[in-house]
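Engineer: Sequence:
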Amino acid sequence: MSSLKYLQGYAPELLAQVQMLLDEGRLADYVARRHPEPSPVRNERELYDYVCALKSRYMKSAPPLAKVVFDPKLHVLKNALGTHTAVSRVQGGRLQAKREIRIAALFKEAPADFLRTIAVHELAHLKEREHDKAFYALCRHMEPDYPTLEFELRLWLTAREL
Numbered sequence: 000m001s002s003l004k005y006l007q008g009y010a011p012e013l014l015a016q017v018q019m020l021l022d023e024g025r026l027a028d029y030v031a032r033r034h035p036e037p038s039p040v041r042n043e044r045e046l047y048d049y050v051c052a053l054k055s056r057y058m059k060s061a062p063p064l065a066k067v068v069f070d071p072k073l074h075v076l077k078n079a080l081g082t083h084t085a086v087s088r089v090q091g092g093r094l095q096a097k098r099e100i101r102i103a104a105l106f107k108e109a110p111a112d113f114l115r116t117i118a119v120h121e122l123a124h125l126k127e128r129e130h131d132k133a134f135y136a137l138c139r140h141m142e143p144d145y146p147t148l149e150f151e152l153r154l155w156l157t158a159r160e161l
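When we follow numbering that gives the first Met the number 0, the leftmost residue of the sequence shown carries the number 0, and every step to the right adds one.
None of these hints come from the bench; they were simulated from the model. Backbone N, C-alpha and C fix where the C-beta goes; we use that ideal spot for every residue, glycine too. Treat the hints with care, as some may be off.
[Unchecked claim] Ranges of calculated distance between the beta carbons of each label pair, as one might list FRET restraints:
1) Gln95 with Pro35: 23 to 29 Å
2) Thr82 with Pro143: 20 to 26 Å
3) Pro35 with Pro11: 25 to 31 Å
4) Met19 with Lys132: 30 to 36 Å
5) Pro11 with Ser55: 37 to 43 Å
6) Lys59 with Phe134: 14 to 20 Å
[To be verified] Computed list of lysine to any residue pairs in SDA-like fashion (alpha-carbon distance at most 20 Å, straight line):
7) Lys4 with Leu73
8) Lys59 with Glu99
9) Lys107 with Arg44
10) Lys107 with Leu73
11) Lys4 with Ala27
12) Lys59 with Lys4
13) Lys97 with Glu160
With the sequences and hints as input, model every part of the structure.
Structural biologist: Written as structure tokens, this is what we have:
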């Protein structure tokens, strides 16, 4: 089961089911049937608007975003699907922090649910730095099916890689 690197930490029974789908060549079809809607976002302007709309709906008091971009190197170089950063600069006598979200470019071709999952994940990091209970509670506030979507995103990545 070394081909299941995105699914480490899940129950062995669940991994066996995924491995069976893989062996039968049905994993990609399974994910495509569950998530048929393509991503509505094709460029960085649409991505910025999409993420800001989520932020304004669920996290009105969170700090503003300076930049939201697709990063073609992200998945390969950092082994991450999205990142959030705060770039600090001195302006006058004050320290200003500009927050950026970078999302792996492979989400241009991902199903819409998976782009939303990554956007929700990175937005949650604006309030909660660690992956703890509060972080996942915030993710579920923005996307009630977050745990299921995160698992199926991992299935999609597995099928895509193989």
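Engineer: At the C-beta level, are Thr82 and Pro143 separated by a distance inside 20 to 26 Å?
Structural biologist: Distance hint for Thr82, Pro143 holds at roughly 25 Å.
Engineer: Has the hinted range 30 to 36 Å been met by the Cβ atoms of Met19 and Lys132?
Structural biologist: The hint (30 to 36 Å, Cβ to Cβ) holds, given that Met19 and Lys132 are roughly 32 Å apart.
Engineer: Decide if the proposed pair is consistent with the structure: Lys4 and Ala27, CA atoms, cutoff 20 Å inclusive.
Structural biologist: holds, 16 Å
Engineer: Given the proposed pairing of Lys107 with Arg44, does the C-alpha separation stay at or below 20 Å?
Structural biologist: holds, 13 Å
Engineer: Is Lys59 close enough to Lys4, meaning Cα to Cα at most 20 Å?
Structural biologist: Given pair Lys59, Lys4 is violated - Cα atoms ~36 Å apart, limit 20 Å.
Engineer: Starting from the hint 23 to 29 Å, judge whether the C-beta atoms of Gln95 and Pro35 obey it.
Structural biologist: violated, 43 Å
Engineer: Holds or violated: are the alpha carbons of Lys59 and Glu99 at most 20 Å from each other?
Structural biologist: Holds. Lys59 to Glu99 sits at ~17 Å (cutoff 20 Å).
Engineer: When you take the CB atoms of Lys59 and Phe134, is the distance between them in 14 to 20 Å?
Structural biologist: Because 18 Å falls inside the window, the suggested range holds.
Engineer: Mind checking the alpha carbons of Lys107 and Leu73 for me, to see if they're no more than 20 Å apart?
Structural biologist: holds, 13 Å
Engineer: Return holds or violated for the Cβ distance of Pro11 and Ser55 against the range 37 to 43 Å.
Structural biologist: holds, 42 Å
Engineer: Verify the proposed pairing of Lys4 with Leu73, using a straight-line Cα cut of 20 Å.
Structural biologist: holds, 17 Å
Engineer: Cβ-Cβ distance between Pro35 and Pro11: within 25 to 31 Å?
Structural biologist: Given range 25 to 31 Å: holds, Cβ gap about 30 Å.
Against the hints set out earlier in the document, violations occur for numbers 1, 12, 13.
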